[in-house]
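Enquirer: Here is how the chains run, residue by residue.
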Amino acid sequence: MKDLEHAPFDVVTLAVPAFVLLIVLEIGLGWLKRAPVRYETRDTATSLLLGLGSTVAGVLTAGIVGGATIWAWHHRILDLPVAGWPAVGTWIALFLLEDLTYYVFHRLSHERRFWWAAHVNHHSSQHYNLSTALRQSWTGGVNGSWLLWLPLAFLGFPPAMIFVQKGISLIYQFWIHTEAVRRLPAPLEYVLNTPSHHRVHHARNPRYLDRNYGGILIIWDRMFGSFEAERDDEPCRYGIVRNLGDFNVLRAAFHEWWAIGRDLLAARSLRQAVMAVFGPPGWRADGQGDTAVALRARWAARVGADPNPPAA
Amino acid sequence: MVPPFLLQLGISAGFIVLMVVLAAVAKIPRATPSLDDAALRRLLADDFPEQVPEQVWIAGDGKAGLAAAGKTALIAFRLGDGYVTRDLPWSDLFRAHRTPDGIQLPFNGPGGGLARLAWPGEAPWPPERP
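Residue numbers (our numbering), protein chains in the order written: chain A, 2 to 313; chain B, -5 to 124.
Here chain A stands alone, though its shape is the one from the complex (with noise of 0.2 angstroms):
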């Protein structure tokens, strides 16, 4: 029993060197000029000690969410099978299913801005490199965001699988944070998220803007309408729609909250104060603000395109 509430190992630790290893063989690459690689020093050491202070931050909320894991499978309405051949398909579901939540926490994570608040410094960086993939959140512990994992608990999965297949999405989505890898075959680019797809989700080209929140699979993009594909004609401008002013990692990890605490107090009404806690990045009071949907419409009616394509 306890073997399926703790994972026997964190299987992102593990992967650290391999982390390190491809961040050198990246920079390695644009060195000698073999690929598309840009790194910028201070860029760099910023997104690492944000990956650094993450892991800190994780530590200290980790007894809640853990225990919390736990306790909801405790109260778990299925006996799914986790050994043998019939773990295989529990596995699966798994799979599908985690990717599935962390879909809608990323989606979340960027139309709401208390959830916001905790992801922007992931995409604070007018880079696009391996060292971003490690640009994490210090707050999305608090936050809360990791109760849309609970349902996984109470459906029945132990709590040691649903933390490796977190570890695993987390590590896959680590090498996809590159230029220098262009295209995967057809078939892959359709299925997987990809160097590309989430290029397009870095991107702050109106375009592009919230587009592509797939963790392992681009599948649920195409199925709920935010997919964008890479296109050669528009390349990708990285960063915040503002970018921030310097490579300070405290502001980079805060400045959001910080905003939404300035705008608490600026709120005139209960409903003010609502949207500035919950309403979309951008939100402001009359109207003018630059939220990803007004920045896109604004842009389609300029250019005459249509603000939501269909899915390809």
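Quick caveat, the hints were computed from the structure, so don't treat them as lab data. Take these hints with a grain of salt, some might be off.
What the hints assert, rightly or not - The following label-pair restraints were derived from C-beta to C-beta distances: (1) B:Q45 with A:S270: 28 to 34 angstroms; (2) B:V11 with A:T62: 25 to 31 angstroms; (3) B:K21 with A:P310: 36 to 42 angstroms; (4) A:Y173 with B:Q45: 37 to 43 angstroms.
No experiment lies behind these values; they were computed from the predicted model shown. C-beta: ideal position from N, C-alpha, C; glycine also.
Given chain A, work out where chain B should sit, using these hints.
Expert: Frame of chain A; chain B shown alone:
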């Protein structure tokens, strides 16, 4: 005996130093040409597409630029190997400081930043508009 987590943290910090040093030694930032009128207008058009600059000024070292769009000032300044843009009321330009090298304009909001414009000492600030 060092607790395992602290040991792991220390090793991670060591690898961070290694990777940052490698990134510095490799010298592979983006090419960032100095701004000229056209480059500044392109940059501002990306970030403020609804604003139409009537006039632009480029800092002496090409690392920053200013544009006037109605009552709004648009500023682009270099950060690392990229540029950061800000918009502000034209009247806010008066809060900039003169330094021996030119003009410094701090942005104190959550996004932060400090625009440094190489600006001749004899040239008026804010620049005069027609």
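Enquirer: All hints are to be evaluated individually against the structure, with a verdict given for each.
Expert: Here is what the structure says about each hint:
Range check, Q45 of chain B to S270 of chain A: Cβ separation about 30 angstroms, and the 28 to 34 angstroms hint holds. One distance hint, 25 to 31 angstroms for the beta-carbon pair V11 of chain B and T62 of chain A, holds here, with the actual separation near 27 angstroms. The hinted window of 36 to 42 angstroms between K21 of chain B and P310 of chain A holds, with their beta carbons roughly 40 angstroms apart. Evaluation of the 37 to 43 angstroms hint for Y173 of chain A and Q45 of chain B yields a pass: the beta carbon distance comes to about 41 angstroms.
Hint compliance for this structure: no hint is broken.
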